[in-house]
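4 protein chains.
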Amino acid sequence: MSHAILLISCPDRKGITATVTNFVYQNNGNIVHADQHIDTSGNYSKTSRGVILSASEGHPQVGNTFFMRIEWDLKNFRLNRAKIRGHFAKIARKFGMTWELYFTDQKVRTAIFVSRHLHCLYDLLLRHRQGQLSCEIPLIISNHSDAKAVASDFGIKFMQVPITPLNKSAQEKKEIKVLKQAMVDLIVLARYHQVLTRAFVQTFSNKIINIHHSFLPAFAGKNPYLQAFKRGVKIIGATSHFVSEELDAGPIIEQDVAHISHRNSLEDLVQQGEDLEKMVLSRAVKLFLQHKILTYGNKTVIFD
Amino acid sequence: MSHAILLISCPDRKGITATVTNFVYQNNGNIVHADQHIDTSGNYSKTSRGVILSASEGHPQVGNTFFMRIEWDLKNFRLNRAKIRGHFAKIARKFGMTWELYFTDQKVRTAIFVSRHLHCLYDLLLRHRQGQLSCEIPLIISNHSDAKAVASDFGIKFMQVPITPLNKSAQEKKEIKVLKQAMVDLIVLARYHQVLTRAFVQTFSNKIINIHHSFLPAFAGKNPYLQAFKRGVKIIGATSHFVSEELDAGPIIEQDVAHISHRNSLEDLVQQGEDLEKMVLSRAVKLFLQHKILTYGNKTVIFD
Amino acid sequence: MSHAILLISCPDRKGITATVTNFVYQNNGNIVHADQHIDTSGNYSKTSRGVILSASEGHPQVGNTFFMRIEWDLKNFRLNRAKIRGHFAKIARKFGMTWELYFTDQKVRTAIFVSRHLHCLYDLLLRHRQGQLSCEIPLIISNHSDAKAVASDFGIKFMQVPITPLNKSAQEKKEIKVLKQAMVDLIVLARYHQVLTRAFVQTFSNKIINIHHSFLPAFAGKNPYLQAFKRGVKIIGATSHFVSEELDAGPIIEQDVAHISHRNSLEDLVQQGEDLEKMVLSRAVKLFLQHKILTYGNKTVIFD
Amino acid sequence: MSHAILLISCPDRKGITATVTNFVYQNNGNIVHADQHIDTSGNYSKTSRGVILSASEGHPQVGNTFFMRIEWDLKNFRLNRAKIRGHFAKIARKFGMTWELYFTDQKVRTAIFVSRHLHCLYDLLLRHRQGQLSCEIPLIISNHSDAKAVASDFGIKFMQVPITPLNKSAQEKKEIKVLKQAMVDLIVLARYHQVLTRAFVQTFSNKIINIHHSFLPAFAGKNPYLQAFKRGVKIIGATSHFVSEELDAGPIIEQDVAHISHRNSLEDLVQQGEDLEKMVLSRAVKLFLQHKILTYGNKTVIFD
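Those protein sequence lines, which keep their order, are chains A, B, C and D. For the first sequence, my numbering puts the final residue at 304, and the numbers step up evenly by one. For the second sequence, my numbering puts the final residue at 1304, and the numbers step up evenly by one. For the third sequence, my numbering puts the final residue at 2304, and the numbers step up evenly by one. For the fourth sequence, my numbering puts the final residue at 3304, and the numbers step up evenly by one.
Hints listed in this document are in silico derivations from the structure and should not be mistaken for laboratory results. Since we're looking at a predicted model, the values are computed, not measured. Think of the CB as a built atom: it goes at the ideal place given N, C-alpha and C, for glycine as much as any other residue. Hints are supplied without guarantee of correctness; some may be wrong.
Said to hold, decoys possible - Covered stretches of chain A, as calculated for chain C (at least 3 residues, CB under 8 Å):
| # | region |
| --- | --- |
| 1 | 126-137 |
| 2 | 263-276 |
To be verified - Residues on chain D that point at chain B, a partial pick, calculated with CB under 10 Å:
| # | residue |
| --- | --- |
| 3 | 3122 |
| 4 | 3123 |
| 5 | 3132 |
| 6 | 3153 |
| 7 | 3263 |
| 8 | 3279 |
Stated by the list, open to error - Quick look at which bits of chain B chain D covers, simulated, 3 or more residues with Cβ under 8 Å:
| # | region |
| --- | --- |
| 9 | 1126-1132 |
| 10 | 1267-1280 |
Hey, can you work out the whole structure from these sequences and the hints?
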């Protein structure tokens, strides 16, 4: 059976949860998951430890912000899908909500971008085959040809789009066209080693997930393992995040780390790091596919 | 300002969340935290991987179970504390709820039991002094005298109650009397090396938190570090759990582990393990003090 | 260039390290890795904390035990391979050493056994293809046919050997014959769901690595994820170990864990656990291939 | 019984290990611990994955570097302490070694600097009292008076040295004088919130251990928890490192992290972080006291 999922954010005030859950209940829905979060950092002034967080620094609102994810079983629900949207719009207006509505039987259409390191691509495709990632993958795009055979093995359309500084803008326009035709809702950069243009990022705002092979904000940019090796850190990490206009600075979805020592060569860091990358990226993709991520400002709420 | 907290569990059905949140809203309460969980394991029959979980094995109910924690600000709330209890009782009856009501300005009165290893006791007292543990600690009880000076340093009443196999039952009766007089709601066994009698455990059902120095169910019973050392495991752990009648088998609240190697001596295991014990026990105590733990069967729901 | 590796264990006494390193130096070898470990647990009597470890419990020796791994570059080494063996045998006799000699250009021949869960098999084969596992894989054996296509994709010989209680002994004899013909030095049970006979285990003593999907010794035997789910643990784990005659009780090579919560279904445990299995098994295999594991009694020394 | 410990680093060449272990053996010493490490990053040019590490970037040497820690029992050793130094100096000259010699019965004299957050101070003092830190603590220095009572409880001399931008240089000169009089070999900055002058740092080069409350190099400088909170990271960390002239940029000794979520307030980050700080700092101090740390360039070799 299909479920409906609402993702909501709005200024906090009394009655939001009651109103939303009543909406589901009055129409005979059975809630299977509900989680809410209230961000109070807009109110931060001075903690007991003397730390000051000005409301104006990245948190424009003065009051609290309310976030909610609610999922209910559509069996015997009195409203059809079009009407859910219409009826809920009235509630949303009343509370000034930003909201998204999803149905679990409509799978997210996902494109994977990759360059020459194929471990994350393999990992995603194997998880998809094993049923861990509930999505459709109509397309793999690469600036190189290395992934062509893998795409073929898994029966997925492969498109090679070579990128140079000169042709990038034109090539991305082609990609955007293809991605729109394929009705793609999520783009996964599974070690895609090209910086996307501002135009591309804005076209798919909060719909592009990247894996960066360090615990951001440390070691942003190129060659993070080499940076880590040179700095002599005792942990390495990986970070999955939404792509924003500033490089490696978008909202973080998931991070993980592994301990290393002086015994580990740069090659060891790369190999251990690849395991982190696979896990951290696949977890972020899974959270997106389950509509469990809300972004606000440069942060994420994860309804796990 | 004070908050009210409701902890609820009942058979799942439509309308529970809506009814509870409406109760708060209609009486002009502002929800600051709400989390729910639906346990469906009573329904488990056969997963896609062929694992079978019979409904009769430890999960007597056939349907789903609903759990909720809701916390709201009492400022301008229309019902006083006595009336909250009365009004909510009607809702609870309707849904067959097991429920508890707390107010954040009524601090949990906590007694600490300890034997001769004092690291967890020190840790709890320092956290309490730093404001991390919001409780009152009227009493420290020990079967030895080692902790007497520590109790005195922190200005807490100390009671030495020597235990022998012969006097245990009588001594525990004395302890129960003292604990009741001190209106103790939580007993923390901070490395208390005596098995409590069934009578004692039943008197404080789900109100006694123990720290066991292994990742249970491995290495239950005596000398877990020695057991771990002999078995040659590569991780050690600590487990905080409610004390039930069966030794080291009660509902688990929190666990953590650390990696070890052949280089580590038994002494190293003990020292690293003590760090785990302190963190795992203090986290469990904190969750209890915040009324974030619900037990069902032999498991816990942690509303973090 | 090729390296030589010596793995040594013997009763501890003065001069072992000096003698072994001199052997390499006098013959013009350049040591690239040397690590030693002295196990003193045979001496354990009573630690400062009152823990008693009797020398007779699992540690038959009364004195200390010495372990060493030494690896040197064979470039310009004065002894050829046959002579290394002959010359070192004299040193070994003098100190009563148990020893093994390897050369890094002689790759370990590895057979993989698998049943119906293929994630560990895929993981090993992909790592092998990417150059992370320096071995030859002449053979995949299964009691089912599921892995046949995977073996074919990777160009590895596949052998299906159905096992029933009645035919097990006879079938294993066939397997042993094939494994010996293929000169297999390592058998990896990558989720092979058959208990091997004592005869089979003895034939490949300390050469069979299994992955068990729990943090042993917790949840040995069948359905560990289901056992963990029912017990309500807050961490799950995976353990790679040498197979010994007692089920899931052999020397542990590597373990890792992941945190879970009440929100996680049994399916979630299985999926998260599979990631642990892949990492823990591949690390153990890699350590074996690099000749970094020494077993003693029921424990391992890992020269990482 | 007392042990001797040698910490050695030099350009790698044949025969170093043999020569050093022979020195111990010929003089009738029993080696209880020996570990070596060869850093080959000076040779790095291009890995199989296309990562380039120029020898000139932070690794001035072109060849490999050899590191060793060797510890032996002095019982029946033929050389007295003065002679050990003299005899070994000849070996050291031959191989161009940088070396340090320690004896385990000469405890490191340790001064603790602290400002107003006392959790790390308490932690170190309790571990010291429990016998986990084998050192002498003659002195606690603070720019505030908060730690005075703690110092008094533990019977340690307390010195308050208020620091202003104007008096810093003069006050540090006073401190240096006192520290030298007290024969201090290690200074632990247990949350000391003053940047030390270049002169002070140079006086105690590689003898000052700081705890920074982030996973460096992320969030160097002020208010790392607030920086982490604003960035929306999913992990927080702590780093212990030697203090060098550049702020928060010295050789890293130990790091650890904890997972956080959007549910965690800034206060939560601070509280969880303090647990990390305590563990990471105490581990670094312990490694120093056991003479297990070697620095080279801006990195450390940890002989654990």
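Taking the hints in turn, this is what the structure says about them:
Against chain C, the region 126-137 of chain A contributes 3 residues with a C-beta closer than 8 Å to a partner C-beta. That satisfies the three-residue criterion, and the hint holds. Figure legend: the region 263-276 of chain A, annotated as covered by chain C; annotation consistent (3 residues with Cβ-Cβ distances under 8 Å, at least 3 required). Look at residue 3122 of chain D: its Cβ gets to within about 6 Å of chain B, closer than 10 Å, so that hint holds up. Annotation: interface hint on residue 3123 of chain D holds; nearest CB of chain B at approximately 9 Å, less than 10 Å.
Because the smallest distance between the Cβ of residue 3132 of chain D and any Cβ of chain B comes to about 6 Å, under 10 Å, the interface hint for this residue holds. Using the Cβ-Cβ criterion of 10 Å, the hint placing residue 3153 of chain D at the interface with chain B is satisfied: the shortest such distance is roughly 7 Å. Satisfaction of the interface hint for residue 3263 of chain D is found here, the shortest Cβ-Cβ separation to chain B being roughly 7 Å, below the 10 Å cut-off. A cut of 10 Å between beta carbons decides the hint on residue 3279 of chain D: the least distance to chain B is about 6 Å, and the hint holds.
Check result for the region 1126-1132 of chain B against chain D: holds, 3 residues qualifying (beta carbon to beta carbon below 8 Å, three or more required). With 3 residues bearing a CB less than 8 Å from a CB of chain D, the region 1267-1280 of chain B meets the requirement of three and the coverage assertion stands.
Checked against the numbered hints given earlier, the structure satisfies every one of them.
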